[in-house]
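S.K.: Chains A and B, in that order, give the protein sequences.
Counting from 169, one number per residue, gives the positions in the first sequence under the working numbering.
Counting from 10, one number per residue, gives the positions in the second sequence under the working numbering.
FYI, nobody ran anything at the bench for these hints, they're computed from the structure.
Predicted model only: the values in this text are computed from it and were never measured.
Incorrect hints may appear among the rest.
To be verified - No farther apart than 27 Å at their CA atoms in a straight line, the calculated lysine-lysine pairs in the DSSO-like style are these: (1) Lys-204(B) - Lys-138(B); (2) Lys-69(B) - Lys-267(A); (3) Lys-241(B) - Lys-204(B); (4) Lys-250(B) - Lys-204(B); (5) Lys-359(A) - Lys-240(B); (6) Lys-128(B) - Lys-359(A); (7) Lys-194(B) - Lys-241(B); (8) Lys-241(B) - Lys-12(B); (9) Lys-250(B) - Lys-267(A); (10) Lys-240(B) - Lys-250(B); (11) Lys-147(B) - Lys-12(B); (12) Lys-359(A) - Lys-247(B); (13) Lys-12(B) - Lys-203(B); (14) Lys-69(B) - Lys-249(B).
To be verified - Some chain B residues flagged as far from chain A (calculated, every beta-carbon gap over 12 Å): (15) Leu-72; (16) Ile-82; (17) Glu-119; (18) Asp-237; (19) Asp-238.
Ideal Cβ positions, reconstructed from N, Cα and C, are used throughout, including at glycine.
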Amino acid sequence: MMTKFLSRNRHTVQSLGFSFITLIAIMTVLPIVGTIIFIIFKGGSAVSWEFISGFPYDGMRAGGILPAIIGTLYLTIGTAVFSVPLGIAAAVYLSEYAKDTRLTRLIRLAIINLAGIPSVVYGLFGLGLFVLFLQFGTSILAASLTLSIMTLPVIISTAEESLRAVPQAFRTVSISLGATRWQTIRRIVLKEALPGILTGVILGLERAAGETAPILFTGAAFFLPRLPQSPFDATMALPYHLFVISTQVPEMPIQIQYGTALVLLVFVLTMNLIATVIRSRARARRQW
Amino acid sequence: MNKILIENLSLQYSDGTESLRGVSMGIRQNTVTVLFGPAGGGKSTLLRCLNRLNDLTEVKASLGQILIDGENILDPKVDVIALRRKVGMVFARPVPLPMSIRENVTYGLELAGEKRKSKLDEAVERSLKLSAIWDEVKSRLDEPAIALSGGQQQRICLARVIALQPEIILLDEPTSGLDPISTGKVEAALLELKKEYTVILVPHSIQQAARTADYAAFFLQGELIEYDDGKKMFTTPKQKKTEDYIMGRFG
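Can you build the whole structure from these sequences, using the hints too?
M.R.: See below:
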């Protein structure tokens, strides 16, 4: 009698516990789903081909957001050009060559701390170094470099992790077959770590694409009547444009604000989706 | 004729463990020389000295020399890449590289700069045949090597070494994870191999040592206790310690 009662009681406690955990899991999904639905609901009507492919007019209260889309594209590519080679090289150094010395520990510490710096501080740093000292002016180049510094720690740490995940035995075998260290890295280690590295790269660039503060002083323009012609031109960009039309322009139609937000969200989530696809494909194909 | 001459070799790892103490021995060409003894005796360390794979490990101090064809391979000026092509190694756990069967076999050759497809194909067939696995894999050379069974993988690993046409082949407990049938196949391949190569084997059991050894060396705690003709060693060992180990009194 007693044991039967206890076991039923335990069962109840367990299902209560599971329900509670499930509830919490659902709650973590709510904000993201809620945000997406809300923005589609509010801004979906504004998004049209003209909106995506047209220039803004009437003090940005009408027309499209093409210059901001193109600008964000340029900034993302510019950031990739600097941060990807540098980040992967640093990760290869840390994972494959660096011994555990005081210097490498210092480098690691620096990378961790770099990731913790508020983005507006990067903006000020970029203003001081790239815009003023190196005289790149307020430009795509200066903004891309600033975003690169911000993106580097993400790329370095995910790339290093992916490189370290490649089994040590592959390296030993490759060396024993007469490979140099570099041949081993190029032919085996990097090849196996590539999907993980790409995921990190995309997540890093995704963050760069969505940031406002680092480009605020270094490359973003309030309004430009034409597309940027060179890396030394300033550019409009989606996150900054969103900030501008939400706070700086009186009598701004609300659909255009949410439409812009929707385009930015789609841009960033698409990158995220690509990263997820790469990761799951690689996992299915992996031979270790 | 001695292919390898080890003179007074001592080695200590950075964590303080002393792995080899004053080991001296000659290893004859075209024989199977077996290094046996309980774990921690220095057998694997000695193998890893012969192709300088210990360069990857933190070694604190090493003394003595190893002459292969009269050249001291522990000399820092030695071309280790060339050495490792000449002295191939098969590890305890089969580790197929993450590529196809064919690519596993041609990997070392391609690193050495061989690009001619005819040469590569020839090497694939020849070394897979010598490793006694050609018939099992010839129809699926482009499938990933990981898809094979453990015993097949280990023979691919052997073929990968043979493809480089080494002069010496080191095997570190190559059958420790294999079933008796696969083990038999690998051992049969070894007997075939010694016609062309000098084979040094760390066996995974005394029985295997007795089955395969032309010469046998008994290692205990970093020291070479006894080194003799294989037949004599396993029937009438001279040293008490060797006898005790072979009889199963310790180890």
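S.K.: Look at each hint and say if it fits the structure.
M.R.: Here is what the structure says about each hint:
With a C-alpha separation of about 15 Å, the suggested pairing of Lys-204(B) with Lys-138(B) holds against the 27 Å cut-off. For the given pair, Lys-69(B) sits about 16 Å from Lys-267(A) by alpha-carbon distance, which is consistent with the 27 Å threshold. At roughly 22 Å between alpha-carbon atoms, Lys-241(B) and Lys-204(B) fall within 27 Å of each other, so this suggested pair holds. As the CA atoms of Lys-250(B) and Lys-204(B) are separated by approximately 32 Å, the hinted pair breaks the 27 Å bound.
Restraint check for Lys-359(A) and Lys-240(B): not satisfied, since their Cα atoms lie roughly 48 Å apart, outside the 27 Å limit. With a CA separation close to 26 Å, the supplied pair Lys-128(B) and Lys-359(A) stays within the 27 Å bound. Note on Lys-194(B) and Lys-241(B): the hinted pairing holds, with a Cα-Cα distance of about 25 Å set against a maximum of 27 Å. Straight-line distance between C-alpha atoms of Lys-241(B) and Lys-12(B) comes to about 22 Å, which keeps the hinted pair within the 27 Å bound.
Between the alpha carbons of Lys-250(B) and Lys-267(A) the distance comes to roughly 42 Å, so the proposed pair goes past 27 Å and is violated. A hinted pair counts as satisfied when its Cα atoms are at most 27 Å apart, and Lys-240(B) with Lys-250(B) qualifies at roughly 17 Å. Using a Cα cut-off of 27 Å, the hinted pair Lys-147(B) and Lys-12(B) is violated, with the two alpha carbons roughly 34 Å apart. The hinted pair formed by Lys-359(A) and Lys-247(B) fails the criterion: a straight-line CA distance of about 53 Å is larger than 27 Å.
Straight-line distance between C-alpha atoms of Lys-12(B) and Lys-203(B) comes to about 13 Å, which keeps the hinted pair within the 27 Å bound. Under the criterion of a C-alpha separation no larger than 27 Å, the hint pairing Lys-69(B) with Lys-249(B) is inconsistent with the structure, at around 32 Å. Against the 12 Å criterion, Leu-72(B) stays outside the reach of chain A, whose nearest CB is about 24 Å from its own CB. Look at Ile-82(B): its CB is around 14 Å from the nearest CB on chain A, clear of 12 Å, so calling it non-interface holds up.
A cut-off of 12 Å between C-beta atoms contradicts the statement that Glu-119(B) is not in contact with chain A; the least separation is 9 Å. No beta-carbon of chain A is positioned within 12 Å of the beta-carbon of Asp-237(B); the least distance is around 29 Å. The Cβ of Asp-238(B) sits about 30 Å from the closest Cβ of chain A, beyond the 12 Å cut-off, so the non-interface label holds.
This entry does not satisfy hints 4, 5, 9, 11, 12, 14 and 17, going by the numbered hints stated previously.
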